[in-house]
Each structure stands twice: as structure tokens, then as C-alpha cells.
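Residue numbers (my numbering), protein chains in the order written: chain L, 1 to 273; chain X, 1 to 273.
Everything labelled a hint here was simulated from the structure, so no lab data went into it.
On a predicted model such as this, the values are computed, not experimentally measured, just so you know.
Any given hint could turn out to be false.
Given that identical chains are not distinguished, each listed pair holds provided it fits within a single copy or across any two copies.
What the hints assert, rightly or not - Computed cross-link-like contacts, DSS-like style, restricted to lysine-lysine with a CA-CA straight-line distance of at most 30 Å:
1. Lys-114 to Lys-258
2. Lys-179 to Lys-4
3. Lys-175 to Lys-163
4. Lys-4 to Lys-132
5. Lys-251 to Lys-132
6. Lys-178 to Lys-251
7. Lys-135 to Lys-264
8. Lys-264 to Lys-136
9. Lys-163 to Lys-24
10. Lys-197 to Lys-175
11. Lys-175 to Lys-132
12. Lys-251 to Lys-175
13. Lys-267 to Lys-174
14. Lys-235 to Lys-139
15. Lys-267 to Lys-56
16. Lys-264 to Lys-163
17. Lys-179 to Lys-234
18. Lys-251 to Lys-179
19. Lys-234 to Lys-142
20. Lys-56 to Lys-66
21. Lys-55 to Lys-163
22. Lys-142 to Lys-197
23. Lys-267 to Lys-55
There are 2 protein chains.
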Amino acid sequence: MKRKIQNKPIGIFDSGVGGLTVLKEVLKQLPNENIIYFGDTARVPYGSKSVETIKKFAMQDSSFLKSMDVKMIVVACNTVSSNAMNLLRENFDIPFVDVLLPNAMYASQVTRKKRIGVIGTPATIESGAYSKIIKKFNKSHKVFSLATPLLVPLAEEGLVENKATEIILRDYLKKLIKKDIDTLILGCTHYPLFERKIREISGDNVQVVNSARQTARTVKSMLEDLGMLNSDNKKGDIRFFLSDIPRNFRKIAQRFLKQNIAGKVSKIDIENY
Amino acid sequence: MKRKIQNKPIGIFDSGVGGLTVLKEVLKQLPNENIIYFGDTARVPYGSKSVETIKKFAMQDSSFLKSMDVKMIVVACNTVSSNAMNLLRENFDIPFVDVLLPNAMYASQVTRKKRIGVIGTPATIESGAYSKIIKKFNKSHKVFSLATPLLVPLAEEGLVENKATEIILRDYLKKLIKKDIDTLILGCTHYPLFERKIREISGDNVQVVNSARQTARTVKSMLEDLGMLNSDNKKGDIRFFLSDIPRNFRKIAQRFLKQNIAGKVSKIDIENY
Chain L
1 MKRKIQNKPI GIFDSGVGGL TVLKEVLKQL PNENIIYFGD TARVPYGSKS VETIKKFAMQ
61 DSSFLKSMDV KMIVVACNTV SSNAMNLLRE NFDIPFVDVL LPNAMYASQV TRKKRIGVIG
121 TPATIESGAY SKIIKKFNKS HKVFSLATPL LVPLAEEGLV ENKATEIILR DYLKKLIKKD
181 IDTLILGCTH YPLFERKIRE ISGDNVQVVN SARQTARTVK SMLEDLGMLN SDNKKGDIRF
241 FLSDIPRNFR KIAQRFLKQN IAGKVSKIDI ENY
Chain X
1 MKRKIQNKPI GIFDSGVGGL TVLKEVLKQL PNENIIYFGD TARVPYGSKS VETIKKFAMQ
61 DSSFLKSMDV KMIVVACNTV SSNAMNLLRE NFDIPFVDVL LPNAMYASQV TRKKRIGVIG
121 TPATIESGAY SKIIKKFNKS HKVFSLATPL LVPLAEEGLV ENKATEIILR DYLKKLIKKD
181 IDTLILGCTH YPLFERKIRE ISGDNVQVVN SARQTARTVK SMLEDLGMLN SDNKKGDIRF
241 FLSDIPRNFR KIAQRFLKQN IAGKVSKIDI ENY
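Excised from the complex, chain L in its bound form (with noise of 0.2 Å):
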């Protein structure tokens, strides 16, 4: 018997763990999704990588994704989504909802001085996605872009609470407070980890927007209005798919998740798609 279309998983995924804070947040809005994560782990990280790199390998996690039958494709990473989009939309026949629209429609809404910051990888940040999208909402807006490549390793080491972590973050921070921004766009999933640290230092009159809030309420409501939620009556089924699996792995997967993982596990050969 074939499966409805409704009862049929989501896909997220991401170069890493990263996507974990898309995730968490998708489970609390619609915990009886069944979901498909998967974490390119053996590749990570896909920020720092040519956008030619990002490409071919946004096309393997998606073609990932479609093997296992899911009815829609979550692509929980900045990076490929301010690089990739158009060309899995080309490729593949299925719904896909990036992190970065969410963001930038958002943000657009929230800001009052019309000057909007925001941090990412350097290949998400050379994109411009952030800035050619939310200028076209309004042209008048005005947006200041910086990379902090080492927030994903420091984030992956776990190092949020650390005298050296809050040096590097004030250090990148102060660019963008100095341009008056009243918004700032946290445009990596990793980033999530630092709100705290990052709203004491941008101060109360800048509001930090985060990826994975918004994301997972344009997951919803795409759901809806393609008539596609889950109509079981029960909570959800997790599995994990990795291509590689980590040394401390369900550690670092609960800093991001805030919980224990607790669906099954696997491994893949992501080269094989």
C-alpha cells in the first residue's frame, strides 16, 4: 500500500550539527512530523568551501533526502541556501524551504532604523543572498554583511561560555554595532548557541534574529497550505543520518538540540548520491 503523501517524513538537512537548532525548533511546532536529519559530517564545514564545492554537495544531500522519500526538503544551512537554491529547485520535484528567506522577510518587518546586520560563513556572506533579498523588499534598506568564520569551530567545540570565544565575538560585534544597525541576522545555524552572549553585547537596542525560529514556522505553514501535515494522531519518528559519525557525537548533538537525540542513528556514503 503506498504511503500518503501526509504521513510521509520531512527532510532537513545540514553541513553538520549546526541544522540541530532548525530541527529543535520544527519538533516543538509540529511534533508529530515524522523527520529525516541529515549532517554531512564527514565533510563539514561547507562555509569556508568554493561555492562550485557547495553545490555538488547540496546536490548529494538532497538527492540523500529524495531516496528516502520525503515529501518536503528543509535545507537547514545558510551556506547553501544563499548559494545553492536555485539550482535544487531546478533539480529536484519537491517542496524546499531554505533558512534564509524566513530570515530575511523577518527581518525586513522588525527593523525600524531600516539598517540591518548580518553575520555568517564566508561563502554565505560573499553570496550577498542576504543583502540582494532583503533589498528587495525594500529598497531602502540598508544591510552590513560580515563573515565570523570561527563561530562554527568554536561553536562545534562547545566553547560558548570562554574568555577567548567572548574576544573574538565582541571583536567581530563591534563592526557592525558602530554602523547604527537596529537588527542583526544570525545567518548560521551554529549561531544560535551565542544568542545569549550575543545579545548582551549588541545590547538591548538591537533585536538578534534566529534562523531557526523563523524556518520552522515557514515549514508550517508551506504544510498547511500544501495540504500536507501529518494526519496521525501521534508523535513523530526521528532518524539520523550522518556521513560520518563523530567522536562524541550525541554530546555535541544535545548542545545543540537542547535534548537527547533520541532517534536511531545511522551512517551513510553520501558520495554514493
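Once you have looked at the hints, place chain X on chain L.
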């Protein structure tokens, strides 16, 4: 006409650009050799990944160099040297030089207190390879190992003379210094970038052993022993192959190589090997 084995190139590989510190020393000691350098820049870093994945990548890296008809393979990566040498030597009929053995031997010889510190990636340190090999030379030597995972991203970002880097280095090193070591092995080919700072923090009583120099000496003496030194009396060619051409590659490479990249840089798809 078949090329004489002496005039074939030496192959050198690393997970990324760290191995360029080894290349630099090889060029200095063996200026007539032709060299093929492969950096797996699409999948860097290796040191935080699982042993299984490191082995798979090391096999592919060696297969690529073998396909380029090299006379010897230099594993300019401590993570691979600590985790995959048996596998490589079993699978390829070609001499290998790794970075572990030359470093461990040298440190064993220079220590007076018989107390040696080692810093490296998580995969290098967890393998226990340095400790095992040093104790094989001399059972009474004490080895104190410490994983220092942030030094690779800091080196790749060029954050050498930086306040945050200094705090991170001091935090790491104080754990080893209080063990009263008199010798410190930089067990990662990225770490020579911090050598000056590490010497300053460790003080005059600690000898700092750098992977690159000892490894290049081993390459030279092994080629001499095997009668495989290049017999051409002219400057050798260098060719670079990478699995991804990262943004600012030449700038980053210049930082490690301490000179401009003179050879041709090509991209290959390492997943095909």
C-alpha cells in the same frame, strides 16, 4: 621511454594546507625534486572525524598520488599518520614517510627529563600513537598528550598574532607546562604557524619540536638509502592538486609556505579515487 624512477615526483598529501609546512622544508632540503602536493580541501579538517572516515580518506588520497606515478608518498598530516599508516603500507607497494615517527624519534632523543608533551587534533591524541611509539624507544619516557582542536581553524583563518589566540594557547599549554615537560611536539602540521608564540609561552626550558623539519630530513635520507634521489641537476617542478579551490587559496598557502605558490594549481574530484 619510461621515466627513470629517480626522476619521478615525490607525492605529499595533507587534509588541507597544513602540509605545506612540510613541503616548505622538503623544498629547502631537496630543491631538485619534482613534487606533487595534494590537499583534501573539500573535506578538511580530518582531525575531528572518526577513524573509519580518516582511513577511507587516506586511502583515496594515496590512490590519487599513486595514479600520478610518484616514487614515494609523504603523509604530511599527523591525523592520518596516527590512524592509517598500517592500512596504507599494506595497500600500496610504494615507500611512505609519515610525520609521526621522525617527530617521536627526535623528541625521544632531545628530552633530558624524559617528560614529553604532545599537542594535536582529537583524532591524533585519541589514537595514542605518539605515546605508544615514544614508549617503544624508551619505556621510562613519560608522554603527556593534549587535544587542541581550535588551533587548526585559528591557523586557517590566519589568526596568529591575536589576543583570543593567545588566551586559547595559554589555556592549552598551561596544562602541559605544569607536568614539567622539557620537550613539546607540535603534533599537527598546522601548528608551526604558532611556533613563535608557543616558544614564548612555554619558555626557554621547553624544546619545541616541529613536524616539518624532521620529516623532510627523513624523506631525504630515505631517498638516499633507496638510491632514489633525483639525478637532474635543475630546480624541480611543483604541482598542486586540491579537492576544492578555497577562497583566497594563494593567500592562505603563502602563510604556510612562507613564499608564493609558484606551481600550477588544479582541482580534482577525490571521490573518484
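Results for each hint:
no.	hint	verdict
1	Lys-114 to Lys-258	neither (33 Å within a copy, 45 Å between copies)
2	Lys-179 to Lys-4	neither (51 Å within a copy, 63 Å between copies)
3	Lys-175 to Lys-163	both (19 Å within a copy, 17 Å between copies)
4	Lys-4 to Lys-132	neither (38 Å within a copy, 57 Å between copies)
5	Lys-251 to Lys-132	between (37 Å within a copy, 28 Å between copies)
6	Lys-178 to Lys-251	between (37 Å within a copy, 29 Å between copies)
7	Lys-135 to Lys-264	neither (42 Å within a copy, 40 Å between copies)
8	Lys-264 to Lys-136	neither (42 Å within a copy, 41 Å between copies)
9	Lys-163 to Lys-24	within (28 Å within a copy, 34 Å between copies)
10	Lys-197 to Lys-175	both (16 Å within a copy, 27 Å between copies)
11	Lys-175 to Lys-132	within (21 Å within a copy, 48 Å between copies)
12	Lys-251 to Lys-175	between (33 Å within a copy, 23 Å between copies)
13	Lys-267 to Lys-174	neither (41 Å within a copy, 38 Å between copies)
14	Lys-235 to Lys-139	neither (44 Å within a copy, 57 Å between copies)
15	Lys-267 to Lys-56	both (20 Å within a copy, 14 Å between copies)
16	Lys-264 to Lys-163	neither (36 Å within a copy, 42 Å between copies)
17	Lys-179 to Lys-234	neither (48 Å within a copy, 56 Å between copies)
18	Lys-251 to Lys-179	between (38 Å within a copy, 29 Å between copies)
19	Lys-234 to Lys-142	neither (45 Å within a copy, 57 Å between copies)
20	Lys-56 to Lys-66	both (15 Å within a copy, 25 Å between copies)
21	Lys-55 to Lys-163	neither (36 Å within a copy, 36 Å between copies)
22	Lys-142 to Lys-197	within (24 Å within a copy, 41 Å between copies)
23	Lys-267 to Lys-55	both (22 Å within a copy, 15 Å between copies)
Hints 1, 2, 4, 7, 8, 13, 14, 16, 17, 19 and 21 from the earlier list are contradicted by this structure; the remaining hints agree with it.
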